[in-house]
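Protein chains: 4
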Amino acid sequence: MQGRYVHQELVRFTHTDPAGYVFFPRFFEMFQAAVEDWFSNCLGIPYAQRILTTRTGFPTAHIECDFLRPCRLGDVIGFELVLEAVGRTSYRLRFDGRVDGELRLRATLVIVSIDMQQGRPQPFAPDLRERMEAYLRVCQEGNPE
Amino acid sequence: MQGRYVHQELVRFTHTDPAGYVFFPRFFEMFQAAVEDWFSNCLGIPYAQRILTTRTGFPTAHIECDFLRPCRLGDVIGFELVLEAVGRTSYRLRFDGRVDGELRLRATLVIVSIDMQQGRPQPFAPDLRERMEAYLRVCQEGNPE
Amino acid sequence: MQGRYVHQELVRFTHTDPAGYVFFPRFFEMFQAAVEDWFSNCLGIPYAQRILTTRTGFPTAHIECDFLRPCRLGDVIGFELVLEAVGRTSYRLRFDGRVDGELRLRATLVIVSIDMQQGRPQPFAPDLRERMEAYLRVCQEGNPE
Amino acid sequence: MQGRYVHQELVRFTHTDPAGYVFFPRFFEMFQAAVEDWFSNCLGIPYAQRILTTRTGFPTAHIECDFLRPCRLGDVIGFELVLEAVGRTSYRLRFDGRVDGELRLRATLVIVSIDMQQGRPQPFAPDLRERMEAYLRVCQEGNPE
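Protein chains in written order, with the numbering used here: chain A, 1 to 145; chain B, 146 to 290; chain C, 291 to 435; chain D, 436 to 580.
By construction, these hints were calculated from the structure, which means they are not laboratory data. Treat the hints with care, as some may be off.
Said to hold, decoys possible - One-sided and incomplete, this derived list gives chain D residues near chain B with beta-carbon spacing under 10 Å: (1) Thr451; (2) Pro453; (3) Gly455; (4) Gly479; (5) Glu537.
Since the model is a prediction, treat every value here as computed from it, not as a measurement. In this text, a Cβ means the ideal position worked out from N, Cα and C, and glycines have one as well.
With the rest of the complex left out, here is chain A (with noise of 0.2 Å):
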């Protein structure tokens, strides 16, 4: 865990509408790989394996984003991963987007741990706790902006 996780992605065909711009609901599934991607290579915990192992779910509860500058096709977007909080039930992650070090987006999301048998809330496991509250420190000390 060395400093903070960025998680990059080649905006694609896929990605864009007709204006050649990403269209906007594309980067939330973004952020999900994102996400997928800090548990298995930053947490060091598998994320595919987790939820089907566990039937654990990590839904996203609350939404915040700023479309600052949009992105086109062949840009690389690089989503730096700020976790701002880590409660009980569940954590506070930042999406700072930026192609060559420009902010272009910004994005929290609060997204909790759920028993997928029932729906409801419920505590992280130990190990993921210990890794997250490993990477808020990274992420308190970090870099300035």
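Fit chains B, C and D to the known structure of chain A by using the hints.
Below, chains B, C and D alone, put in the same frame as chain A:
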């Protein structure tokens, strides 16, 4: 223009994730569809034609969304469109998503009118402004919640 | 069950690519939607309910598709569903996609009935088989093209 | 250009349906991504730049696809790209999708080069043709299956 416009979406396979719930980025596709139909069917301004003939775009600049309860395969979501404000080059639209009368999600989007050639905000066309202001009045008169 | 079922789709922003045409994977989402509505509205078997209550799935095993002419934002595509064959655990369904009567694309899908627990083909439920055979007759009698 | 190009896709939440399998239209988004990366990384022709600067499009005209075994959340699919033929204005490309060496799906697409202004087929640019012919030879020499 008789009361608030409600856009209906049947939750399909396309929308749902391995937990059997709507995968949250799909809601934003639904919001976009709701706006398109609201233009065409309620405001009387055919969305596709307007975009293709005037090279005006309507990207989303800001989103806030609360997911209160999940939606499942087979649910019919009614999105009530509440216009909250109309500015010179942008408007703020709220989506109250209900299933059988129960509020499942609520989102507010700020949507901007842009000149697609230049990528800059441009004032609403007079006919669009007029219709939006009429709809704004419908929403303000509207049923208290 | 009066004649061949036609499923209509309005081409939206969601569907279109930077060239302004429907991005081809979106057609397959339309086919899936068409099948769901055909089950529910024409065969009289509510698709979502059937899947959720019986744990039967209907994955696609084979696809052939010709894209003859592009479809654009604002086009209304009518997909005529032509049932070509019904086997013990699968059926073959053709989609003729037309805009203003002009054939734009034609696809044939082989769709299988499976037991979702085991992931194995299973014979159609009797009521579904009966309705499909009735629809097969409708298609065979059907209007010459 | 060293051997056949393999495009890898991790199966994510975005791709999967309520049965936990990849929802089949998502495979076509993967094929499109595979083509984009094959152009950029293997043929040495940056896909996005080529499209944006020359107004050339590469729509799909024909598809045949067999889904042999399902793919699940967390699977890594390797799509081997086998160029089968190159014509004046179109090429035929096969995708062999494997997970851990096991063939899960096989698709063949015919993809056309068009002038996006006119919407008409146009011959491949010389550099693209040259690279495709080189790749065709790689595939023909290629490993017997």
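So, going through the hints one by one against the coordinates:
1. Thr451: Hint holds; threonine 451 of chain D Cβ to chain B Cβ min 5 Å, cut 10 Å.
2. Pro453: holds, 5 Å
3. Gly455: holds, 5 Å
4. Gly479: violated, 30 Å
5. Glu537: This interface hint is violated because 21 Å lies over the 10 Å limit.
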